[in-house]
Each structure stands twice: as C-alpha cells, then as structure tokens.
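Residue numbers (our numbering), protein chains in the order written: chain A, 1 to 215; chain B, 1 to 215; chain C, 1 to 215; chain D, 1 to 215.
No wet-lab data here; the hints were simulated from the structure.
Values in this document were obtained by computation on a predicted structure and should not be read as measured data.
C-beta atoms are modelled at their ideal positions from N, C-alpha and C, and glycine is treated no differently.
Any given hint could be a false lead.
Using C-beta positions, here's what the derived DEER-type ranges look like [said to hold, decoys possible]: (1) A:A201 x B:A151: 20 to 26 Å; (2) B:H150 x A:D140: 37 to 43 Å; (3) C:P157 x D:V159: 53 to 59 Å.
Just so you have them, the derived chain C footprint on chain D, three or more residues with Cβ under 8 Å [said to hold, decoys possible]: (4) 93–100; (5) 168–175; (6) 199–211.
Number of protein chains: 4
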Amino acid sequence: MTQRQRRIRGTRDAEAAKAAILAAAVREFTEKGLAGARMEAVAQGAEVAKGLVFHHFGSKEGLWVAALEHVYGLLRAGQDAAGLAALGPVEGMRRLALDTFRLFRAHPEIVALMNEENLHRARHLRDAEGIPRLYNPLFDAIEGLLREGHAQGLFRPDVDATALYIALSGLGYFYCANRWTLSAAFAGDLFAPDRLARYEAMLGEMVVAYLRHPG
Amino acid sequence: MTQRQRRIRGTRDAEAAKAAILAAAVREFTEKGLAGARMEAVAQGAEVAKGLVFHHFGSKEGLWVAALEHVYGLLRAGQDAAGLAALGPVEGMRRLALDTFRLFRAHPEIVALMNEENLHRARHLRDAEGIPRLYNPLFDAIEGLLREGHAQGLFRPDVDATALYIALSGLGYFYCANRWTLSAAFAGDLFAPDRLARYEAMLGEMVVAYLRHPG
Amino acid sequence: MTQRQRRIRGTRDAEAAKAAILAAAVREFTEKGLAGARMEAVAQGAEVAKGLVFHHFGSKEGLWVAALEHVYGLLRAGQDAAGLAALGPVEGMRRLALDTFRLFRAHPEIVALMNEENLHRARHLRDAEGIPRLYNPLFDAIEGLLREGHAQGLFRPDVDATALYIALSGLGYFYCANRWTLSAAFAGDLFAPDRLARYEAMLGEMVVAYLRHPG
Amino acid sequence: MTQRQRRIRGTRDAEAAKAAILAAAVREFTEKGLAGARMEAVAQGAEVAKGLVFHHFGSKEGLWVAALEHVYGLLRAGQDAAGLAALGPVEGMRRLALDTFRLFRAHPEIVALMNEENLHRARHLRDAEGIPRLYNPLFDAIEGLLREGHAQGLFRPDVDATALYIALSGLGYFYCANRWTLSAAFAGDLFAPDRLARYEAMLGEMVVAYLRHPG
DNA sequence: GATGAATGAGTGTTCATTCAT
DNA sequence: AATGAATGAACACTCATTCAT
C-alpha cells in the first residue's frame, strides 16, 4: 500500500487515484450493492486512504453516481452501431440482440448496478448528468434497422421501437441477472459454452421471427 | 404500544405475529434490499418488539430465507397450469408469457428479492428447502405445451424448454425490474396502460412467432 | 464497567442509566463544550455502552438539550423565593444578588452551558419545552421585592425589572464565567475566600445603592 | 480560485494573506468556538489554501492564540483613557461603564473568545506573550478615577479597584454574552434601541450610585 | 510563499443481536 | 410468547495535519 501511494502522491497523479477509486468502487458495488458496499473496502481496493475517497467523491452516494455513470458509459460504448448497416436489417437486428446479451455477460457490473438503482427508483439517475441520452446508441440502432427493414418490406409494419428495445434487452438481461438462481433451479452452470450457444441461437431467432413480415 | 398489540393479537396467536413479521419483512426487503433492510423497521412494520423478530426467525439471514421462500411460493402459485390446456399450444403459450409478465407486475417483491439473491450468488437458496422444485410449475407447463405443439405440428422442432423458459421470463422480468431506469430514459411512465398493452401484444407475438413452424 | 452494567441491566433500571448518562453529559459538556464533548467520554463517564446514550437521547443534540434543561432546572431550584419576604425589600434584594452569585459559583455547569448555548444563538432552546417560564422564579422575586420597595417608599420609582434582573445576574455571572482569564490577569485566585467576600460585599452594596431612593 | 487569489494579493504581500487568515479565524472562532471551528472554513473565509494557514500559524492552537491576542488588542484599544479626565470622577466612571458595554456590543468576538478561553481554564493565555498587561488600560483608568474621586471626597472610601473592574465589566458582559438566551426568555430582541437605552441608563446609575459617598 | 492531494486517527451514529424480565 | 434495555462492532464521514510540488 505504502509504496503505491508514494508513487501516486509523488507523481501528483490525482486523476490516476480517482480512476483507481472508481474502479474499486464499481467492483465493490457490483459484489455488495449500494447498502452492502463498504467505503473502507473501496479504499483498500484502490490502495488509498479512506479519506481520499471522500476527498474526491464527497460521499458514498457521490461515488455511487460516478459508478452509475461509468456503467452507462459501458452501455454506450458496447454498441457497435457502425458494423450493423452492412449486415442488412434482419441479420443486423440479430447481431444487435446477441451483442447486447454479450455485453451484459462481459460486464456484470451493468446488470448489478442497474438492479440496485431500480431498487432506489432511479433516484440517483436524476442527479447524474446526461443519462437519458446514454440509452440512445442502441435505441437509435434499432430505429435505423427498423426503418430499413420496413423500407425493404422485410419487417412487419407495426413494430414499436421502444418495446422492441426492451424486449431485446430483456432477453439478454434476465439470463445474466438471474444467473445464480437459475443455475440453482436447473442444477447446472448457465454459463457453460453449449448452454450459452443454445440460448444465443434462440434469442436471435426469436427477435428475427417476430420482426419478419408474416406475408 | 404494548397494550394495543396485546389487544390486536392476544397471547394465543403467535402464528399471526409471525405472519405479520414475514409480511413486513418482505415489504422492507423489497424496498431496501438485504443489506439496506433494518430489523427495527421490520419490527415496527409488524407492530411487534424487535426481539420477537429474532425469537421467530433467529437472525436477519433467517428472515431473508423465509422471505425468499415466500416469494418462490408466489411464483408457484402464479402459474395457473390448469386453464392452459384448453387454449391449445399456441394460445396457451402466449397466455403463459402474459401471465408471467403480469405476475412480475403484481408482485414487485419477486423481482426485488430475486435480484438481491443473485447478488449473493444464490447462497441462501441452498439453505432453503425445496427451492429447485419450485420452478417446476411454469417449466412443466412449458414442457407440456411444447410437447403438444410438436405433436400437432404447430411448433418448430428444435425448441429448448429451458431456454424458452428463460426467454419467456426475461421478456416480462426486465420490463418490471428496470421500470425506473427505463422510465427515466424514455421520460414517461412505463406502467401507463397503453404502454403496457403495446408491450403485452409484442411479448405474446414474439413468443408465438418464434415457436410457430416456419413451414 | 462490566459489574455496574450487570447490576443496571439486572435491575432493569432504565431511569438510573438515563440519569447517569445525563450527569456524565453535563460534566463533559461543562468541561469541553458542545463541539468538544465526545459521546464516547459521556458513555464512559456513565459506565454504559456508547450505543445506550443514543438509545436514550437519540443524538448529541438531544443529549445537549437534555443537559440544557437540567441546567435550567438548577437555575429554577436555586432561587429560594420563600425566605426573601421576611428580609424586607432592601435586604431581600441584596440576598437575591448574593444567592445568584453563589448559585453560579456552586454550579459552573450553568455558566458553561449557557455560554455555549449563546454561541449557537439559543437554537436548541426552542426545541426544549418550557424554557421561558424557567426564568420566572428569580424574575418574579425581583418584581415582588420591587413592588414592596416602592410601596414602602424605599426604592427609586423608575426601576425596570428586566434590566435589574440582567444587571443582578451579570454581576455574579461575569465573575464566574471569566474566572480563569481574570485570575491570569490579576495574577491570583479569584476564588480565594477573602476576594470572594470583598466582591460579595460590593455586589450587594451596588444593587442596594442603586435601588435606594435618592430623596 | 488560484488565479484570482494571485491577482488579489500578488506574491509579494504575505502579510496581507496572514491578516486575511487571522480575520477569517476570528470570525470562525466567534461563530463556532475553538473545537467547532474548522481550519478548512478559515482557509475558505480567507480565500487561501488550507496549507497556507498552517504555514503561517503552525496549528489550530497557534491560530487560536493569535486570535486571542487580537481580541485582547481590541480590548486595549477600546479604552479611551484620554477623554475621561475631563469629565471628572463621577461622569468619567459612568462613561467608562458605558464604553465597556458598547465595546462588548461592537465586538462579539471579545465575548465569544473569552468565554471559550475560560472553558479551557485560560490555558492558552500563558502561551501568549504579554496578556496580563493588556488588562491595564481599563484597570488603570479605574484606579485613576477612584483616586481622584476619593481626593475630591465624592466617592465612598472603601472601593476595591479590582472588584469594581469586574463589576463594571460584568454589567456589560452578561448582557452581550447571554443575548440569545435572554432574548428567548424575555421573548424580544434585547438589542432593540429602546431596551439598550434603558439598560445603559441603569448601568451608569448603578455604578455611580455605588461609588457616591453616602454622606 | 502557496497549493491541494493525501493521510489517519478519530467522531457521531447505526444496527444486528443478546438477555433479563 | 413477548418486551425493550443494553451491547459492541461496524459504519460513513470529518478534520487537523503533512508533504511533494
């Protein structure tokens, strides 16, 4: 601990310390939730003094908001809108669903923090700056693909973009959020490769099957 | 308080006190999570002394396990397997999806406690007796409908029951679990009747579209 | 510590514990002031666990208010209005001044807590119940003696009871409140018997000289 | 902030910064007391970095001692011994009492810091240099007027200068020190002009009445 | 001289839990 | 069964002080 602090202090690298604290906080919040997280553990995880956490983030709530913003940043960064257009509407949408599922799998902190934030009725979200806009990448991608799919006559005409966004997210989210209780219920690891593959296949099919024009 | 409690419940019905405590605990856990819940608040919610909560449930963890079991009971009771057969495989499955969605809406405690329990990697579930079996009603219903659908040639042949169970649950779960953050993102109440209706329509369609034989 | 706690707990003597805490609090507040007092020290002084202090008084402020009320109780109890009438207006008033001085000397907690409370602009006093009335014994005694003195033609006619109350109190208060800085300035113990006697003599004379009718 | 401070004070005038810190400290100590004062607040009040406060005053105690010395300076500066002689002993003494009262009213920091210093049994006063002498102006003025008054046969013969000093100070001090609790008790602003005038009249009368030869 | 990041020992407060009654 | 006083180990947060720059 001492060594690293010396280096940080010596280098006057306040931003590095802040980043280390935030990373440790995301870890702690993911494992313990908001109420269960201990500021002491965050400080130890970042190898800094407890007081420094408060110096930089003001309070546990301030740290929570910063962690939330970080997680919403992941959400935004996880959407690769660029590569989708080339796939065409049908395969693009399938890919979107799979990417979302994979994002949740790769970043349990997204699921954990969003669950906790909903427990608090999204109270902290209003304090955070531009959270509403953070949703848009995925939503915009869905809207774009929908428009194109309609134009090409491939999609059914009555699709609600918001509802589709939720359904598509939900298909991936639940699998990750309930990983442990589901594994207990089905007596096996939900994250075993073959099971994941089977679910991915269904997930893509389901979205595509719904969208495809029944004509 | 003492007098009033005596009058309300009398000395005989310890079971009523226990039930009141459990109900208060489910409420408190739903609102605050496991770590955030306070035993004092549970006692006040049940209008009993704090010590009595410990007398009946031993510890906070004991109370949590009891609340979990209660919630799994709701899950089981919510599945009306009886009425499904009459609807046929296609409409039966649609109804199953809608019922599951409505169950989550009617009982936020299910969503909240399951989220929290997953935070703890389902550690308490192993202590609780007979939780694995509790899943079966819905799962069994799905399996039954799948079998019939296949027999009648209405369903695609490669459907994984477990995966379908998860997908069907996820479509309803996410909408409820993320009610507040989604409402913040879409700047409107997700639980407004028209929005619910639109989502229900999509949800049913999605399941059915996937299952239906592409021939 | 353990022994006494056992006894208290065993005797289920909650009131005794409360009283012990209050006494320790008055001591601690007198020595350290509000901000300087430590709840831990209060608990140790009362030989109870720190948590019990909060159990009974809620917070440091709650304990402060209780201590304030206690001190105002001393103020009220210190006025022996009964014996005054027999002395007649002149000697009664002199005795009042002396008694007030002696009260401040016997109870440094009165002076210390009132100083501190004035630092906070009497913010806590409004939370406390009937503080305004607590002043009355002395004030009433002054008014009574004034009336009698006027009736007998012994006192000048233009005496303001409130102002007299303040002057009379101030003559005793300052001597006690500034005991230490005055002792430093005059390089000697202000509370040495002969110095006290000399000041008492002057104090009485001053009040009486002012009141006496100049005719 | 950094830029602005540079512009305001420049790099040269360290003395200005020191003075600003001292002024802010006196304000902070007056409002919060010694234990309640925060070094951070002092720094902000002086618009300097926290470290600079320590650079100039070493510690909180060092700052306190400096504030004490400042306040004793006010005390000394407040006594206008020069103008008194012309008034003669009687009116000079009345004026002395009034001036002292007005000094306390104009400088609440005197009262506040002296109260606090007495809480600490004048421990810091010994560290401060030359405090004992600081009392002298008022005391010397009293002694001078007493001598003259005796010489002219106007004053009673047995007056103790030290006691008179204390009484005279106490009459003004208490009114200011207990401004808030008294206002709460008497349900009105003690510092309203008419109330002040009435008290000033009594205060002067009281001192003069006591001193005047009863012959 | 001046800054502010960083520390660490506290400080008020909370809370699950125990226990005598 | 039921109460609530009592405990003790945390807990979030504070703050005087240090120090590299």
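Against the structure, the hints come out as follows:
no. : hint                        : verdict
1   : A:A201 x B:A151: 20 to 26 Å : 23 Å, holds
2   : B:H150 x A:D140: 37 to 43 Å : 39 Å, holds
3   : C:P157 x D:V159: 53 to 59 Å : 27 Å, violated
4   : 93–100                      : violated (count 0)
5   : 168–175                     : holds (count 7)
6   : 199–211                     : holds (count 8)
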